[in-house]
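*Asks:* Residues per chain, in single letters:
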Amino acid sequence: MNITDRRRILGPANAKPLVFDKSMGPAQRGESEEVSSETGNDAMYIENGIVGNSNGSSYLEVKSRINDKNCTLLLTSVYGPRPSRGAFNAKATLSVQFREVTLEKIPAGQLREVCTFLTNIFNAVVNLERYPKSGIDIFLSLIHSSSGPQDYELESIITTCVNGITLAFVDAGIEILDTVSAGMYKKNITAFMKNGTEVVGFWKDDDDNSASEGIMDIVEKCKEHYLQNRKTMIEYMIRSSKSSN
Amino acid sequence: MAFHTKSYETLYPGQLICPTFELGEKKEETQEIIRYVAGNGVAEEDYEVKGHTMRALTATVLGDVSFVEEQAKQIPTEAEHTKDEKEKDLLKEEKKEEITADSNPERTFFVTVTDAKAAKKDVNEDFANNLPREGSVVLARITRISSQRANVEILALENKALPVDSGVGSNGSGVTAPGGGSAAATLSISQASSDLGETFRGIISARDVRATDRDRVKIMESFRPGDIVRAQVISLGDGSNYHLSTARNDLGVVFARAFNGAGGLMYAIDWQTMVAPNTGFMEPRKCAKPF
Chain A
1 MNITDRRRIL GPANAKPLVF DKSMGPAQRG ESEEVSSETG NDAMYIENGI VGNSNGSSYL
61 EVKSRINDKN CTLLLTSVYG PRPSRGAFNA KATLSVQFRE VTLEKIPAGQ LREVCTFLTN
121 IFNAVVNLER YPKSGIDIFL SLIHSSSGPQ DYELESIITT CVNGITLAFV DAGIEILDTV
181 SAGMYKKNIT AFMKNGTEVV GFWKDDDDNS ASEGIMDIVE KCKEHYLQNR KTMIEYMIRS
241 SKSSN
Chain B
1 MAFHTKSYET LYPGQLICPT FELGEKKEET QEIIRYVAGN GVAEEDYEVK GHTMRALTAT
61 VLGDVSFVEE QAKQIPTEAE HTKDEKEKDL LKEEKKEEIT ADSNPERTFF VTVTDAKAAK
121 KDVNEDFANN LPREGSVVLA RITRISSQRA NVEILALENK ALPVDSGVGS NGSGVTAPGG
181 GSAAATLSIS QASSDLGETF RGIISARDVR ATDRDRVKIM ESFRPGDIVR AQVISLGDGS
241 NYHLSTARND LGVVFARAFN GAGGLMYAID WQTMVAPNTG FMEPRKCAKP F
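Protein chains in written order, with the working numbering: chain A, 1 to 245; chain B, 1 to 291.
Derived from the structure by calculation, the hints contain no laboratory data.
Just so you know, not all the hints are guaranteed correct.
Okay, derived cross-link-like pairs now, PhoX-like style, lysine-lysine, Cα gap no bigger than 25 angstroms in a straight line [stated by the list, open to error]: (1) A:231 - A:221; (2) A:194 - A:221; (3) A:221 - A:105; (4) A:69 - A:194; (5) B:6 - A:242; (6) A:231 - B:50; (7) A:63 - A:231; (8) B:6 - A:231; (9) A:204 - A:69; (10) A:186 - A:69; (11) A:223 - B:50; (12) A:242 - A:186; (13) A:187 - A:204; (14) A:194 - B:6; (15) B:6 - A:221; (16) A:91 - A:194; (17) A:69 - A:242; (18) A:204 - A:231; (19) A:194 - B:50.
A short list of chain A residues far from chain B (calculated; beta carbon distances all over 12 angstroms) [said to hold, decoys possible]: (20) 12; (21) 61; (22) 150; (23) 152.
Even for Gly, the Cβ is constructed at its ideal location relative to N, Cα and C.
Just chain B, with the same shape it has in the complex:
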């Protein structure tokens, strides 16, 4: 029986889950290969079995295991692009053989172990295992601005993993969180209190504020200290700062107060203007698309 169909008890750190690959269904000419890739809470380790060393996946936290199958990608083969119709017909017979010969069906499973306690919660406060990484979307507060960059402190991380720019370029509408731009439903609030200066910090350079007209970005007209910004991590940066970017429609300021924090909350009316509903004053910001 394949490992992903087995039922597992609660796993503890160091418990073996499955090998990195196994052979699945065998048909007349093909042999299915099942791969297992380590996700959160799982590590790939060397194990010695009967004198052989082999790679196997082990749990690294206490919890329940889940197998998620990777969706098959539709990649057109080069032959289909380059050959024209006639040639294709000629090649058809040949290709058929090729397909059966070297394309053994392969399935890939991502193996993760999650704590049952944490999985049940609607809001995941488990910041420990959700450190910002490249591509993740974070909520951050602007702490300082200069003409070159804005310094921020990272408050929270949106749990949902984002597809790495799969057609969601800087001009696309992007993946938006349910519940609007504030993304309140999918947030994890950092357990580190920001008053203690113990949050992860980041930098938004002027050239990463928006995708167009990058040379004419003025930080003063994009962010103000105290604004809450939705941004994406573009690199782990240096020792103390992550590098963030807001160059996408759904990234930018989500919450801001008027008059440098003295006034009331403002609303975005377009992507670079916010308005205070009480006074009608408008202030420039680089806003996130709310919906």
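Bound-form chain A, shown alone:
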């Protein structure tokens, strides 16, 4: 019996392996969207639409305003809406996959928690009614994360994830109810929408530093960071849409 592999597109029989030229050293980075860190903001580099075969993607480099050594590089890609099989669904279903593409440092249990947290946020944010019978997949690739003494800082990673997913959705043209972003304060993360009047996600880790502070104070502190992040993202979006016209 002749079983042909119809799922993959196979190359011709006489194909040669791909050989790369000698690397030219680090490429010159063009004009970046970096925000100066003098004002106490995070330094953020944003680029949309890097992943060609996805529906939308975003690449984020974030350097923390507090800790100089804290740096997060994240690539987000959004696929879909794709048809979902099985039972009828009047709304789209969302799935979030998180992967560390270089060094795997984060335990699997924590990753699963992060994915559920992000799914919950974006279930409230994406206009799911617009996409019946379909599924939207989000793939997060953590390229690099460092945090000085610690191996990684989950909080800054999650914050970057929320911002990255929002940017990828905007790039994909998938309808979202608001430019959602997250703010971080010590080991607490709050994701807001509607200019900080609505909270769509709250993450709190064991933390002795902020244990004595009231929850409302923490949310307020997160909001400050959120507003900065949101402003940076909106500025980038407006600028990129103007430059493409």
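Position chain B relative to chain A; hints supplied.
*Replies:* Chain B only, in chain A's frame:
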């Protein structure tokens, strides 16, 4: 100033556009009401302004806003139908008052936000925001046939919104796409590759193949696997299949190859026959009216 006359910058998701209605021009006795209805790329949300919650339209994608006014419908009033001439004359005075009293002029605008990049393209590949919905016309490929139904995979969606059967019944000539039955000019090709089995799927039941003589439809004499069919979505169907119909003159097979795909392309010579120009063989199909 009315919201639809204002000029807007590029909108980003979550940005407020306008309230769901506003009061327009005020004359002596009438007050114009302007309504705004959310279209693509716009959502209606609750917003709190000075303690009141109110409905407002916000953008959900990055792009530019456009306001399209709904055309006024001419609906004859019941009074005109039932009353005869004499009575009408008597009522005229009364009616005049009625009109001015309760028919405040009302205008409705559809608000949409579209990506400037996508709007400029001739062919819209943005399948993401153009999922098949009820009433939309799609191009589909027949994947499997049985005596009851034909299974198809949806390849593309015609972007143009169709008026929901506004006098275009199954006997009418229907709305045809510019450039003929292939509708090539208004197509969006699904970005999902059909080889990966990742397209939306649909079913054409035997009773939805044509409008007349529905009981005697034979799927074998209407479609063959591999045919490209222009069909209309009649319902979202179940979990995995849309329900499609070809019961209209401009719907049916647009491209087909002879001898189950082994021969050349065939042409429609009437609504249920196609002919292969090289060999002269004829095969039965339910054809779409090409023009």
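*Asks:* Which hint numbers doesn't this structure obey?
*Replies:* 3, 4, 12, 15, 17
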